[in-house]
Amino acid sequence: MSHDEVFLRNSWYVAAWAHELIDGKMVARTILEQPIVIYRGESGKVVALDDRCCHRAAPLSMGRIEGDDLRCMYHGMKFEPSGKCIQIPGQEMIPPKLGVRSYPAVERYGLVFIWTGDIEKADPALIVDYPPLADAKWRGLPGYMHYKANWLLIVDNLSDFAHLAFVHTNTLGGSEEYAYTTKPVAVERLDDGFRVERWHMNAEPPPYHKKVIRNKTDHVDRRNIGRMLVPGIFLLDTMFAPAGKGAEKGVAVEGTRQYRNAQFMTPETRSSTHFFWNYLHDFDIDDPNITLSLRHSLEEGFMEDKAIIEAQQKVFDADPNYELLAIRADAPLSHFRWALKGRMEAERNARAAA
Amino acid sequence: MSHDEVFLRNSWYVAAWAHELIDGKMVARTILEQPIVIYRGESGKVVALDDRCCHRAAPLSMGRIEGDDLRCMYHGMKFEPSGKCIQIPGQEMIPPKLGVRSYPAVERYGLVFIWTGDIEKADPALIVDYPPLADAKWRGLPGYMHYKANWLLIVDNLSDFAHLAFVHTNTLGGSEEYAYTTKPVAVERLDDGFRVERWHMNAEPPPYHKKVIRNKTDHVDRRNIGRMLVPGIFLLDTMFAPAGKGAEKGVAVEGTRQYRNAQFMTPETRSSTHFFWNYLHDFDIDDPNITLSLRHSLEEGFMEDKAIIEAQQKVFDADPNYELLAIRADAPLSHFRWALKGRMEAERNARAAA
Amino acid sequence: MSHDEVFLRNSWYVAAWAHELIDGKMVARTILEQPIVIYRGESGKVVALDDRCCHRAAPLSMGRIEGDDLRCMYHGMKFEPSGKCIQIPGQEMIPPKLGVRSYPAVERYGLVFIWTGDIEKADPALIVDYPPLADAKWRGLPGYMHYKANWLLIVDNLSDFAHLAFVHTNTLGGSEEYAYTTKPVAVERLDDGFRVERWHMNAEPPPYHKKVIRNKTDHVDRRNIGRMLVPGIFLLDTMFAPAGKGAEKGVAVEGTRQYRNAQFMTPETRSSTHFFWNYLHDFDIDDPNITLSLRHSLEEGFMEDKAIIEAQQKVFDADPNYELLAIRADAPLSHFRWALKGRMEAERNARAAA
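Residue numbers (the numbering used here), protein chains in the order written: chain W, 632 to 985; chain L, 632 to 985; chain B, 632 to 985.
One chain only, chain W, in its complex shape (with noise of 0.2 angstroms):
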């Protein structure tokens, strides 16, 4: 069954977060319609295969970890990493093509990357480069979320940080007034996908970032500066600076407070998508609580936007037909859209000529 025009094959997705792998637990997980198990051999390599034994179709995932080899535990056959089936118990020849699929599989940032396209493009140096989820001055905590939506929903959210104003006014926007008085800066379309930048001047710190500082009712410059990438990667430079000391000029303000965000949205289907995200700080890192609050703040703006999210999926199930119109903020998702779209038409013609 091929996907061509649902997904962007020839692409790095999030698959798991690392941890999910310690003491040989295997995760069993679909990922843009295949049913993959991934999990770490005895020698460390992560693994990722198709979780359908090739001879009865038994999943992978209730097998047993031998060494670097996965054993399906119905009738005993064997599978090495390549997928090759190794072993079949009361047989002696092994047909050479007895195998199931093995996926590219790259562990990088505590995240394991997946490749379900062409593997001859399978380049590592295609994985986004986000500096400060392998840097240690920024702290956090990984987390993952299940969204009954399809991933560009989720996508759409994150592209007009105007939501922030009317979903998240108690948790992570702060004020009505941002949606009004904020605009986007610049909006700078990408080949693969957009960065936008957009200020709130001398504004109150909204109630996430006031739990985690001292002086709660100084105002603040907040700056956003996000990235949405193809497949679907949204990457968040967030500051505040003490109000008024010039901020937006460039000017490297005392007691200024920055956070990182990563989000990468992996579909699990056509309408239910992995999330995987963590928000960084630089300041009191050796402070847990610090980032344990900074954690529960985002959980709770995730599930403030989940509950819209997957509404609007419930409205295009009962109407796959209905049409949206845009409004000038949609301009930074159109794009994305119209970036994405391409680069999985060119996936197509490439298919075709081979």
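Don't take each hint at face value.
Same chains, same names: a pair is fine if it fits in one copy or spans any two.
What the hints assert, rightly or not - List time: in silico DSBU-like cross-link candidates among lysine-lysine, alpha-carbon distance up to 30 angstroms:
1. Lys-880 - Lys-841
2. Lys-715 - Lys-728
3. Lys-656 - Lys-752
4. Lys-709 - Lys-945
5. Lys-847 - Lys-656
6. Lys-715 - Lys-814
7. Lys-841 - Lys-728
8. Lys-779 - Lys-656
Everything labelled a hint here was simulated from the structure, so no lab data went into it.
All values derive from a computational prediction rather than experimental measurement.
Given the structure of chain W, go ahead and fit chains L and B onto it with the hints provided.
For chains L and B alone, coordinates are given in the frame of chain W:
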């Protein structure tokens, strides 16, 4: 998506009890497979809008009432009762045709009627006339039930009183004899449904009536006059007169007790139904225990119906082509389906001509 | 709706245990995608009728047994065991062809077998012959399980004893060695299935057997003879003889313990199955703890199978085109599917000719 073949559109349907809208509560309800939000504005006006923001399809029922208007709480767009968008935070110009569908809504008899058909035909004079619902001499407690069944299966149920004998022996019916010894005195075919009259002479009072009268063993002459009207409205006038005093000849017998029952079946989808009902009595109307007892008895009876009717729906779900064989008692329901079909065809032809 | 391509129709299927019909209880059960009600009339006769009233499709299993007849409790129509309608309350004339489908039903071995195919071919002599089920020297407790899986996946499971080694290591199997060191002595292809014999010499008794014998460590020679017959009947004769005494040469060794196991797989739908089974022992038959222990052990083993088999079904639900690769041990199950397919083709051809 057009549902012309499934529902009669040009007709008023009950969408809610007016009391569901107190305290600024919004009712999110699917009516004839359309998601609709219903609310009362601050002026007192009842408004019914498509429950999907035209921008990103977020449910407006997750929004906020502001005066008579409704604000979507995703990106803050505001809609007036006509459905027109009147504010987009962060954008001055509003495209004139930006908006959501608005449905004609009329409050009558403590019910909210809405119209999902051609807007120019939404004449409030077409709303069914049933004076007892507005007459202080009748008392009742309004009820609502949800059926996982096509509304016509409920119409069928109410169209044949014989089911009282078997389904409701111990609640609303009283004895299986009712099915054998009574027959419709007259079945009158109407343009928009039928009228049926049935007498049960010299019988014990049925259990639900016994509970609210003093002489529980005196025999009664029982008369039911039911009217079933398109699109699915059942109006039942019930009389219990002391037996043998000539009630059947039109004599006004002392000690007679009467009931008026209005039941409105509104399709939610083609396989589920909103059922609004009120069972009114004209005696001891200031004794709340009588009113409550009748409410409980009727609910008990409707639960008996619901068990059978939802079981029928499952049979049709499993085998949509299962064919029924009519008996003589089906004449009224056959006529009703014929009348409804005629109205639907006329609607289709009018649209084709336009 | 014709299911000819999915099921073999002209065959007896187990529909219920006879003990399910005590105390006037009706069994409402879908068999080969037909809703059926089964009951025992007052004369003792077992009756199987279409579980849908021909009038308005109400389930007859919500009705009332009257003598050997069944009355629908919606409008009171009564049906005799042949399915013919014999009473319509309030209507004297009954159309002669008014009625519901009746299914041939035969009680044997404490089981109710029914026939959903051509009625003139329903010969009770075709019911499978398995004397231990009717022989007082064998004792067991009948069981029932419901599988959310196609019945052929259960047939597959039982067709390859190698799964004992991996799925049932700690219950019915005993060791993974069973898969490596034993092989079928003979696979005999039958017209209606196959017969397979497998010996495991000088082995520890498996856990379930250990629980019911006294000398728990003495090695045994274990022999399994299984027969799998269309449409899905598995008959398993198991023997544990003290090791090294020549059981494999036909010597009747003292201290031998034997089991007889009958398993009947009846499709509920194409993706769910009724599973009837009885595991019989020929020793200590008056000790109810032995019988109960075996019942529990088998249930424990079947739950292990169920976990794998229902997981397989989910794989096929998600990707109906997923293709399996056969290994040598699949020869018996391949033959079974071939035999079943032949029977189904013959059935189809006979109908086309008629």
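Status of each hint after checking the structure:
1. In this homomeric assembly, Lys-880 and Lys-841 come within 30 angstroms of each other (Cα to Cα) only inside a single copy, at 24 angstroms, whereas the closest approach across copies is 82 angstroms.
2. For the identical chains of this complex, Lys-715 and Lys-728 are intra-copy neighbours only, at 7 angstroms inside a copy versus 60 angstroms across copies, given an alpha-carbon limit of 30 angstroms.
3. In this assembly of identical chains, Lys-656 and Lys-752 lie within 30 angstroms of each other by CA distance solely inside one copy; the values are 29 angstroms within and 55 angstroms between copies.
4. Proximity of Lys-709 and Lys-945 under a CA criterion of 30 angstroms is satisfied inter-copy only: 22 angstroms between copies versus 42 angstroms inside one chain copy.
5. For the homomeric pair Lys-847 and Lys-656, neither the shortest alpha-carbon distance inside one copy (43 angstroms) nor that between copies (35 angstroms) is at most 30 angstroms.
6. With identical chains, the CA atoms of Lys-715 and Lys-814 are at most 30 angstroms apart between copies only, with a shortest distance of 24 angstroms across copies and 55 angstroms within one.
7. Taking CA atoms no more than 30 angstroms apart as the test, Lys-841 paired with Lys-728 passes in neither setting, with 60 angstroms inside one copy and 41 angstroms between copies.
8. Taking identical chains as interchangeable, the C-alpha atoms of Lys-779 and Lys-656 lie at most 30 angstroms apart whether they share a chain (25 angstroms) or sit on different chains (27 angstroms).
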